[in-house]
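S.K.: Protein chains in written order, with our numbering: chain A, 100 to 302; chain B, 1375 to 1939.
Derived by calculation from the structure, the hints in this document are not laboratory data. Do not rely on the hints blindly, as some may be mistaken.
[Stated by the list, open to error] Only some residues are given here: those of chain A computed to face chain B with a beta carbon under 10 Å:
{"id": "1", "residue": "Gly123"}
{"id": "2", "residue": "Met151"}
{"id": "3", "residue": "Arg185"}
{"id": "4", "residue": "Gly188"}
{"id": "5", "residue": "Leu216"}
{"id": "6", "residue": "Gly267"}
{"id": "7", "residue": "Arg282"}
{"id": "8", "residue": "Met283"}
{"id": "9", "residue": "Trp285"}
{"id": "10", "residue": "Glu292"}
Note that CB positions come from ideal geometry on N, CA and C, so glycine has one too.
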Amino acid sequence: MSRAWPHVRASLVALAILVGLIDGCPIPSAKSVSPEWSDTVKSWARARRIVMTPFKPLGELLRLRQTWKLFPTARIEQHRMWVEARKSGTKDDWEILYRPHDAEHSMWADRIEYRRLRGVWNPGTKGTRSGYGPFVEWLAGEIFERRADIDRVRVRMEKIVIDPGMGGFVPSGMFELEKTQGRMRWKRQRDKEAAAGGKRGGS
Amino acid sequence: MRERAKRIWSAWVALLDRREKPTALVLARILVATAVLGDLLYAWSLDVVVAVWAPPPHGTGYASIWDPLPPFMVRWFGPGVDTAELVFWIAVAAAALLLIGAATRVSAVVLALMLAQLGHMAPEGDRGIDFLLRTAVAILAFSSSHARWSVDAWLRRRVFKRPFAELVPAWPRYLLFAQVVWMYFSAGHNKGDRAWGPLGHFKALANILSDPHFARFDGDWIPYAMPLLAIGTATTLLFEWTSPLLPILTWWHATPERPGRLRRIANKLRLRWVWIGIGVFFHIGIAVTMRLGVFPWGMLALYPVLFHPDEIARAARWLRARVGRTAAAVLLLFAACGGGGAAAPEPAPQPAQRPPPVDHGHHHTALDGNPLFANADEWAKVFDDPGRAAWQKPDEVVALLALSPGMRVVDIGAGTGYFLERLSRAVGGKGRVLATDIAPDMVRYMKERAAREKLGNVEAILAPTDDVGVPAGSVDRALIVDVWHHIHQRERYAANLARALRPGGMVAIVDFTLESRRGPPRDHRLAPDTVIAELRAGGFTAELASESLPDQYVVIGRLPGPLAK
């Protein structure tokens, strides 16, 4: 065993590196290449899927991958999130609670900007993420808990254009990806949870 | 072709069989665990644990993309706030245990599994740095990163009386090294936006630093720094694309004695240090200008694995000499994760140690370039003291070399030539004794001594600091007495020694035991296991010789071949 072990270990390490390289090998999507290359890249992707099949359980268990992206895009069309609240009894009197880089409206900035939460609400190149809705629900709940005068919370994304030559970004005044949450709905949900003996948020 | 493949495979097996001091892995363990623990506790301090990992409506975690099954902790304990908190606190406990090195391997496995569970529970908050740290923790689980500065090491030493070996397998460090290189390269080739290239006027960094969701400061300063940021963008891309060169640069740095113009140029321009320096600057720059949480620190936590443990030891010695032991430990940790390239001085191949105490009573060889050895006549009174024979037992040492007439033997770091007369007699008139030292006055003394004692087959040679100083394949035997502990890059030196010996050649290394009342300060001494491992790393088979020296041990290293006895 002791004589064979260095060879076994060398084989295992070589296999780990090879599997990592296959996993991380940049195969373009079929849509991003010219039609004559489309079938080829599809077959590459299929071959990789087949080769990686035996290693998938381990990859899933430890949630590993070898494709790394550090700011792959640096687009100039971006968003700036607004978190607003409306006071009870008013119709359109929205108060800004939080906006990035706005010292006057920085409620819970540290919490909202925690990197894992930002990963949920920050729109990607393909638009909003699945966790965006739950994020608005959670944020609204936190606000309703602490501010009895608020009856509605709105989160929306202002479209901005990055212009470093002008010293940052240019707001467009146009919004998208708007989501709102009302106190009544939140209260119904909470009562339902309480009736079921469930635990509410807060660590 | 087949022979070539066999040679490559043998080299690969030998590379992964190498051993080294655990310092780099220990630092990586401490820094990675600190980064993970810090990030988790920061989430707790912000009261967002439930928000991140619990399912709606309590948090933003969700189950819609689980394929084919939910993560096992959710299957076992059900989706909910309690499960999120349970997994979180297990991860915190495992990270804390990994940090202090308690039940280290188990802690690392548990931490990797729990971090993966957290990643599955909140996949959109599971970023690249989390994948990297998880991978690092998984690799550390297989390493001996607990061999120093850990509760495990303390228990093994104090309670179980079975301390960890001096040297540990180096392959986990190589694997982490490869992971860092691939991560950068992959990040480089995944940058598809025009803003990263000349077509986009290298505006990527300026754009990112103007994005209010990431920038730490308002962008008023950016218009003034546009050219600098363009250079920074190009440098970032170049840094990432050239990352596969780092292993080559590291290899060249470690083997400066080998031929090759590119190697010489790269070493002269210190390209390895330039690359690492850019990496450190890049991540500190990110930490200062952007709000990316643990990302830059998590990346830098892996930088210790880019250094050979001997380099870290030299940096530690350099710091200790200037700021004291405790401050040096703190600074080294900081330097390893933040300023490794900047704080540590560029090490010379064999830097000088501080002058040893004069009353050492043993040959503090000229291998350390010590100016104290400038006066060989004075040192002869110490080295050639007639009383030395009682504990040095020179006849027994020479007998262990199994010399026969006609052989060529080199006495490395021979000093004033204490062994020359015996070696000369053993190889006879047709044999040859090469006596090397790096102190010119010692060489002068040995030449005069050979003439005085009519040792016609002795040749005194001035040797370089980092090599044996004799041609490859030119000697049958080598003797190294009280010298080996002075050599800093001993594995490399062992490989050089293997090249100097003929097939079947043998080396005898004589050095002081850890318990001996003679010899250098205890922290300079080496355990025999260490010497054996270092010789093995250099290509020898090595074992402890049976002898009767009261204060020293003898390790015999042999090369395969017809002359082996």
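S.K.: When the nearest CB of chain B is found for Met151(A), is that gap smaller than 10 Å?
M.R.: At 15 Å from the nearest chain B Cβ, Met151(A) fails the 10 Å test, so the hint is violated.
S.K.: Given Leu216(A) was flagged as interface, is its beta-carbon under 10 Å from a beta-carbon of chain B?
M.R.: Because about 6 Å separates Leu216(A) from the closest Cβ in chain B, which is inside the 10 Å limit, the hint holds.
S.K.: Was the hint right that Gly123(A) lines chain B, CB cutoff 10 Å?
M.R.: holds (5 Å)
S.K.: Does the closest beta carbon of chain B sit nearer than 10 Å to the beta carbon of Gly188(A)?
M.R.: Hint violated; Gly188(A) Cβ to chain B Cβ min 25 Å, cut 10 Å.
S.K.: Going by Cβ atoms only, is Arg185(A) closer than 10 Å to chain B?
M.R.: violated (20 Å)
S.K.: Can the hint on Met283(A) be confirmed by a CB-to-CB distance to chain B that is less than 10 Å?
M.R.: Interface hint status for Met283(A): violated (14 Å vs cutoff 10 Å).
S.K.: With a cut-off of 10 Å on the beta carbons, see whether Gly267(A) makes it to chain B.
M.R.: Holds. Min distance 3 Å.
S.K.: Any CB of chain B closer than 10 Å to the CB of Arg282(A)?
M.R.: Violated, because the Cβ-Cβ distance from Arg282(A) to chain B comes to roughly 14 Å (cut-off 10 Å).
S.K.: Regarding the hint that Glu292(A) lies at the interface with chain B, is the smallest CB-CB distance below 10 Å?
M.R.: holds (8 Å)
S.K.: Closer than 10 Å between Cβ atoms is the bar; does Trp285(A) clear it against chain B? Give me holds or violated.
M.R.: holds (8 Å)
Hint compliance for this structure: hints 2, 3, 4, 7, 8 are not met, and every other hint is.
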